[in-house]
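J.: Make a model of the complete structure from these sequences and hints.
Sequential numbering from 607 applies to the sequence shown in our numbering.
Calculated directly from the structure, the hints in this document are not laboratory data. Remember, it's a predicted structure, so these values are computed and weren't measured experimentally. No residue lacks a Cβ here, since even glycine has one placed at the ideal position from N, Cα and C. Check before you lean on any hint, since a few could be wrong.
[To be verified] Listed next, with one range per pair, are the computed distances between beta-carbon atoms: (1) R897 with A800: 41 to 51 Å; (2) V697 with Q747: 28 to 38 Å; (3) L701 with P779: 53 to 63 Å; (4) P779 with S726: 49 to 59 Å.
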Amino acid sequence: MPGPPISELTTRARDIFRLVVEGYLATGTPVGSKALAGGMNLSSASIRSVLADLESLGLLAAPHTSAGRLPTEAGLRLFVDGIMQVAEPTVEERLAIESRISAPGPIEAALEATSSLLSSLTSGAGVVMVPRREPRLMHLQLVPLGPGRALAVLVGEDGAVENRVVELPAILPPGALEEASNYISAHLSGRTLAEAARAMRGDIVSGKSALDAASRELVERGLAVWSEDAAARPVLIVRGQANLLDESALADLERVRSLLDDLENKQSVADLLDLAREAESTRIFIGSENRLFALSGSSVIASPYRDRDGRVVGVVGVIGPTRLNYARVVPMVDFTAQSLGKLIG
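T.: Written out as structure tokens, the structure is:
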């Protein structure tokens, strides 16, 4: 149930609510009236009255009698949207993020390093969706593996190398693998796989290619393997899952099992992060606001990153318990997204 607008709270209720949320996010434990009284010119009885009002509004909950209050998901949402004051990343954190992202090497290595760094800086799990744009390619070689199989080795202009196993026709004339390799490489140079595939298929259909039937079939099989694979696999890097197994999680084995199952399903995590692709800035999903992590009670902070033309090419984020330090993590994720955008160019 959504909470009331922040404007409907009195100044006293807003101050007490803020202190409860900040205390809970800092310690992970409920905050009692005695702890609040130390920082306010109010009696414990007055504070307890306000706490009861906030609880009746659905913003706070009392897990046990006399145990103090903690924010509900609706309360966390109200705090994040209406009260929270973000703390910009420190100079040290900015330098760490920028140096890790700009380290020499393929972009995949930078994205993996970024995910690991976010995990260590936030004590959550760092997640990065790899850019969906296709790399420019340079060369493809079909190497025989044995009867009925070959290895397709694809080399990108950036030096990245990927391999796929291709099933071969039962009867294959000598030289067909080499002919198909040379034909594909001639069409690949400087193009994405999709662009090369369109050109090759157009030539084959129009009869412009000089390939024989066996080589044409090899070309089609190779293109099918690469195209299906690119469409099916979730391009997601997750690092630091162990950070999510805090003391509260370990006390609830069912929550641990649910959380690990959620993270194992990378396609579902990628689908969730996809919701942030259309956002202008960082998006925050708290607990059951996203169906994927509803049972494990986890939050997701995610921000899209863009290329030099302003097109969204991926998403970077952090997964953690609902008591994440939102004020610190949100600007850190946003800064990381901006830094990744500069790398993508």
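J.: Please go over all the hints and tell whether each is borne out by the structure.
T.: Hints, one by one, checked against the model:
1. Between R897 and A800 the C-beta distance comes to about 32 Å, which lies outside the given range of 41 to 51 Å.
2. Separation of V697 from Q747 is about 47 Å and departs from the stated range, judged on CB atoms against 28 to 38 Å.
3. Between L701 and P779 the beta carbon distance is about 59 Å. The supplied range of 53 to 63 Å therefore holds.
4. Taken as a hint, the range 49 to 59 Å holds for the pair P779 and S726, whose Cβ atoms sit roughly 55 Å apart.
Violated hints for the displayed structure, listed by number in ascending order: 1 and 2.
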